[in-house]
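There are 4 protein chains.
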Amino acid sequence: MDCCVVIKSAKPYAVEQRNVKMGDDVVIGRKEDSSMGIFLHSKGFLVTKSDAEEFAFRTSRTRETSYSMDYDSLYDLLKYEKDNGYIVWVLGPAVAFDFDSRKAMQKLIENGYVQHIFAGNALATHDLEAGYMKTALGQNIYTQESVHNGHYHHLQTINDVQDCGSIKKFIEKNDIDNGIMYAMEKENIGYVLAGSIRDDGPLPGVIADVYEAQMKMRKIISGATTVIGLATQLHTIATGNMAPSYVLKDGIVRPVNFYTVDITEFAVNKLRDRGSLAVKSIVTNVQDFLVHIKHGLDLK
Amino acid sequence: MDCCVVIKSAKPYAVEQRNVKMGDDVVIGRKEDSSMGIFLHSKGFLVTKSDAEEFAFRTSRTRETSYSMDYDSLYDLLKYEKDNGYIVWVLGPAVAFDFDSRKAMQKLIENGYVQHIFAGNALATHDLEAGYMKTALGQNIYTQESVHNGHYHHLQTINDVQDCGSIKKFIEKNDIDNGIMYAMEKENIGYVLAGSIRDDGPLPGVIADVYEAQMKMRKIISGATTVIGLATQLHTIATGNMAPSYVLKDGIVRPVNFYTVDITEFAVNKLRDRGSLAVKSIVTNVQDFLVHIKHGLDLK
Amino acid sequence: MDCCVVIKSAKPYAVEQRNVKMGDDVVIGRKEDSSMGIFLHSKGFLVTKSDAEEFAFRTSRTRETSYSMDYDSLYDLLKYEKDNGYIVWVLGPAVAFDFDSRKAMQKLIENGYVQHIFAGNALATHDLEAGYMKTALGQNIYTQESVHNGHYHHLQTINDVQDCGSIKKFIEKNDIDNGIMYAMEKENIGYVLAGSIRDDGPLPGVIADVYEAQMKMRKIISGATTVIGLATQLHTIATGNMAPSYVLKDGIVRPVNFYTVDITEFAVNKLRDRGSLAVKSIVTNVQDFLVHIKHGLDLK
Amino acid sequence: MDCCVVIKSAKPYAVEQRNVKMGDDVVIGRKEDSSMGIFLHSKGFLVTKSDAEEFAFRTSRTRETSYSMDYDSLYDLLKYEKDNGYIVWVLGPAVAFDFDSRKAMQKLIENGYVQHIFAGNALATHDLEAGYMKTALGQNIYTQESVHNGHYHHLQTINDVQDCGSIKKFIEKNDIDNGIMYAMEKENIGYVLAGSIRDDGPLPGVIADVYEAQMKMRKIISGATTVIGLATQLHTIATGNMAPSYVLKDGIVRPVNFYTVDITEFAVNKLRDRGSLAVKSIVTNVQDFLVHIKHGLDLK
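Protein sequences, first through last, are from chains U, F, A and R.
Every position in the first sequence, counted from 1, becomes a number in this note's numbering once 9 is added.
Every position in the second sequence, counted from 1, becomes a number in this note's numbering once 9 is added.
Every position in the third sequence, counted from 1, becomes a number in this note's numbering once 9 is added.
Every position in the fourth sequence, counted from 1, becomes a number in this note's numbering once 9 is added.
Worth double-checking, as some hints may not be accurate.
Identical copies carry no separate label here, and so any pair may be met within one copy or between two of them.
Restricting the straight-line Cα-Cα distance to at most 20 Å, the calculated cross-link-like pairs of lysine to aspartate or glutamate (DMTMM-like) are [unchecked claim]:
no. : residue 1 : residue 2
1   : Lys40     : Glu154
2   : Lys91     : Glu25
3   : Lys143    : Asp79
4   : Lys228    : Asp209
Think of the hints as simulated: they come from the structure by calculation, not from any bench.
Just so you know, these numbers come straight off a predicted model, no measurement behind them.
From just these sequences and the hints, can you work out the full model?
Encoded structure:
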C-alpha cells in the first residue's frame, strides 16, 4: 500500500519511496477512472453479491457477529493452504502468555500450518522464558502464580540467550522441548523479529533497524497467500500495509486471505480504516482463537 | 449485597430495604471490627496464600491473563456441580447470535449443566427467531447473510409467539427442535426473563416489573452454588448484587463460585468495583468461551 | 423503529405492537420500492454529497476522528434549539460521578438547554448522594477519597428520600443546593426514571414497569428535535429505538438530531447497527464532553 | 526498570544490560528485605494514608473515576513545573488528527509547558500534512471531509520533507505557521522521533535503530520531573520502563509525576501491570484532555 509503482522491463513493481532511484519510471496518474492511464479495478476478482436493502441490522463486524462459519472456512482454508499456499502468522506477545494457546501454536507449526512468523522481541522472550522456567514475566503460564523473584526470569532468560549467542543454541543447550520458538527452530521455519523501543535485551536475532525489518517482511509477504495477525496492532498493521491484495501463484491470480484477530473492534477495524479493504476480522481473545483452530484441525 | 440483615427467630436473613417491615429487628452496627457487635470475617473460609512481593508484574486479570487453568478448573467444577450443586447461567443476547455458541448452550442444558437461566427478552427472542427462521435480527446465524426483509423476522417471531400464548406452545406448534429455549422447555428448566426498556414485544413470560423480576431472581440465587454470567453487564451485575458469598449446602458451608465472562476488562471488573469481591473474570468473546466448555466437557 | 404503522382518520401513526387493537388498519407491505404500496424515501431530506472515492482512509467514526467541528456545530445547535426546539438528554450514572460534569449538567439545566431527561435509578441516587454527602457510592466526587463507611451513603440516601416521600421533598428538607436533580426540580423540568434489575431502593418516582416507562419515554420523544445520549447503552438504545427520524415542528419537517457519546466505539456504533441510521457519535469520556459543552456555551 | 544497577566510583547507576561491560560491579542481591544487602524502600517518600476498609466500592481507576481534581492538580503542577521542572510529553498520532487538540498542543509548547517530546514518524507526518494541506491521512482535520486524492497527501508530505532535507527546512520553505512540529522548531524544543515497522517514509530525523532511539530517550528521561503520555501504548510504556521513580532536582529528591491518558482502561493500566507503580492514569479521549488543559491554563 505504501509504495510507488515502478516499471522495469515493462513490468510493474511496488517499490517503497525510499528505495526509488533517480531515473526510475514511476507511475504517477492520480485518477481511478483510466483518464490518466490508470484504471482501478478493485473488485475484478470478486463474485458480485446482490445489493443489500437500505434498512438492515448488524452490518458491521463486532463482538456480536456470528463467527461459526468463519472458523469452519478457516479450517478448510488452512488445510488447503498447508499444501498449496504460504501461510504467514503475525504474533503478539499474548500468544505466549497462555499455556494452551502457546501449545496450539506449537502444534500448528509442527503440523505444517506455518511457513513464516512475524513478531517482536517480547513474543520470543516470553515464549523462551516459558520453556526455560515455566513462567512469562514471572507468572506461571498455567497456574497464574506469581513466582518468587519472577520478575528476574525475564531478564535472566534474555541474558542466558545472549550468553549462548543465538536462540537456536539456547534451546539446544537447555534442552527446551516445547513452545513456539522451539518448534520454529526444530521445523526450520523462518521468522522476522522486529525490534521496538519497548524491548529490553534484545535477544540475538532481533532486528534493531525497523526499515531493515520492513524490507525482510516485505520480501516474505509478497509470496504469502494467507496472513493471520493475532493480538498485535503494531505488527499486523505493518504487515497489512505491505501485503498485496492478490498474488500470482502457480499461474493463477488469487486473493490474499488476510485475517486479523483482536479483542477490540478498534484494533481489527483500524487496518480497514487505513485502507486495507479485504481484511476479515474476528473479535475475540487470541487464546481462545488458537485453541479453536487446534481443535478444528484435529491436532493432538 | 444490597440488603439489610434482619433477625427472625434468632437467625439472620438478608432482606431488601423495600421489604423491611416496621418492627423488624435490623442489624445496624457500622464497624467491621466487632466493636459494635459485628465482626466482618470475610476471609474465614479462604486458604491463606503467602504474601506477594512488592514488585511483581501482571497482578490484574486482563485479556493477557493465562486462562488455561481456569478452563480446566471450570470443567471439573461443572462436572461436580452437575450432581452436587445448583448452576445458574446469566445470558446476554450475544449467546444466541452465533450458531456454535447457541448449540453449545443447548448441549449444556440437555446434559444437566444448567439448573436455571436468567436473561432478558432479547436472548429469548433471538434464540426463537433462530429456531424459527434461522436468523437473529435478520442475519443468518451461520452464514452471516442478511436475509431479504430480515428485519421483520424479529417482529414476526414475537407476534407469532404472542399468538400462541406462550414460548412453550410456540415451540410445539412450529416443531422447533433446536436452541436454548427449546432445550429449556424440553428439560423443564426454570428461567427468569426480566424486562428492560430496550425490549420490543415483549414475549409472553417476560416480567415487566423489574422489582418483581429481582425477587424471583433473588429467590433462585440464594440456592445457587455456581453462577456464570455471559456478556451482559445488566443481568450479571444485578445477579452479583444479590448473590450470597457462601451457601449452606448439605450441611456444609461452601463458597459460591461466580464467573463473569465478557470481552472488555471494564465489564468484568465492574462487578468487583461494585463490591462483589469473589468474582472470577475471564476476558474473551462468549462465543468462544461456550464452544470451549462444550469441548472440555466432551458434549456431542 | 419497533412499531407498526396504523392508519387512523387517514393519517399514519407509529404504534407499538402490543398496543395494536383488533380492527386497526395496519400497513403491511414489505417492499421498499412502492410495488406493494410503500416507498421508502429515506434520503428525501438529505442534501446529496458527491460520491466518495473507492480508496480512502478513515471512513468510520472512532477515537481518532476529529471532533472539533462536531463540538462547534453542537454549540450552535444547542443555542438554536434552546429557543426553537426540544432537547432531551439521556443520562448514564457516570455523569453524576464527577464533580465537574455534574456541575456542567446543572448549568445546562439552569440555562435552558434541557427540556427533558431520561435516566435510571442510579443517576438520580448518585446525584442526590453527592448533594447530600459529597460522595457517590461512598467516594468523594471531587477528591476521590473513599470515605469511612461510605458504602452506606448510597443506602442512607435512598432511605432518607423514601422517608421524605419524593425527591422534591428530600431536596427541600435537606437544603440541597446543587446537582442535576436539584436543578431539575428547581427549573421544573420533566424526567423519566426507568427502573432496572440492577437498582437498589428504588427511589420514589422510579417506574418499576419497563413498558410503562417506555410509553412515557415515547410520548416525550415524539416531540423532541435534539436527543443527546451520554454513557448509557441501555437508555440510549431504548431511546434510539423509539425516536422518529423526522418531526414536524412549526409546520416544517426537520430531522431529529441524535447524538450518542460513549467511551467505546462498540457502544456508539451499536445504535447504528440496530438500524438507527442518522446517529452522530462521539467517542470520549462524557465527563470531558460535558465540561466542553459548558465551556463552549460560556456557562458560568 | 529494565536495567542493572552498576556501581561506579561508589555511586549507583542504572545501566541497560546490553551496555554492561566486563568488569563492571553489578548489584546482584535478589531479596527485597536487606538480607542480601539490598533494602527495597519503595514507599520511603510517600505520605502514609490511613488503611482502607475491606469493603469499599470503586477502588480502581476507570472511565467512571472522577477526574475533576486530577485536572485541577495537573494545572497547578504544570504551572510549577514550567519554571521549576522538566516536562516530557509522549505523543501518539491521534493528537495531530484533531484541529483543537493539535492547536492546544501548539499553545502548550509556545507557552513553555513542554521541554521535550517523544513520538513516532506518524505524529510528525500527520501534523506536517495538516500544516501543509489541512488534512491528516487525507481527511480535513476540522471538517472531517475526505478530500479528493487525499490519500496522496500523506505521501506527498513525506516526499516534500525529504526533498527539503529536514523538517525545519520544510517548515521554512513552505511558510507553515501552525502545528506541533512548527512550534517545536520555532521554540527550539528537542524531540526524539523513534521509528517503527508501521512507518512509511520515514521523515528525515526519524531514528531507524530502536535501541539508539531508546538511548536518546533514556538520557532525556533521566532528567524529567513530569511525564505525560497521550494515546500511545508503544511510546508510553517504553518511556515508563526507562523513567526513574525519583529524581534529584536542585538538591531535593522528588517523585517523577507520570501521567498516562488513553481511551481504554487496558492501555492505561498496562503500564502499572508491567511494574511501573506510580503512574496516574486518566481514561478519556486525548483530544478532550488537551483542550481541557489549554482551558485550565488559560492559553489563548
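Structure-based check of each hint:
1. Lys40 - Glu154: For lysine 40 and glutamate 154, only the inter-copy Cα distance (19 Å) is at most 20 Å; the intra-copy one is 59 Å.
2. Lys91 - Glu25: neither (30 Å within a copy, 42 Å between copies)
3. Lys143 - Asp79: between (33 Å within a copy, 17 Å between copies)
4. Lys228 - Asp209: between (27 Å within a copy, 16 Å between copies)
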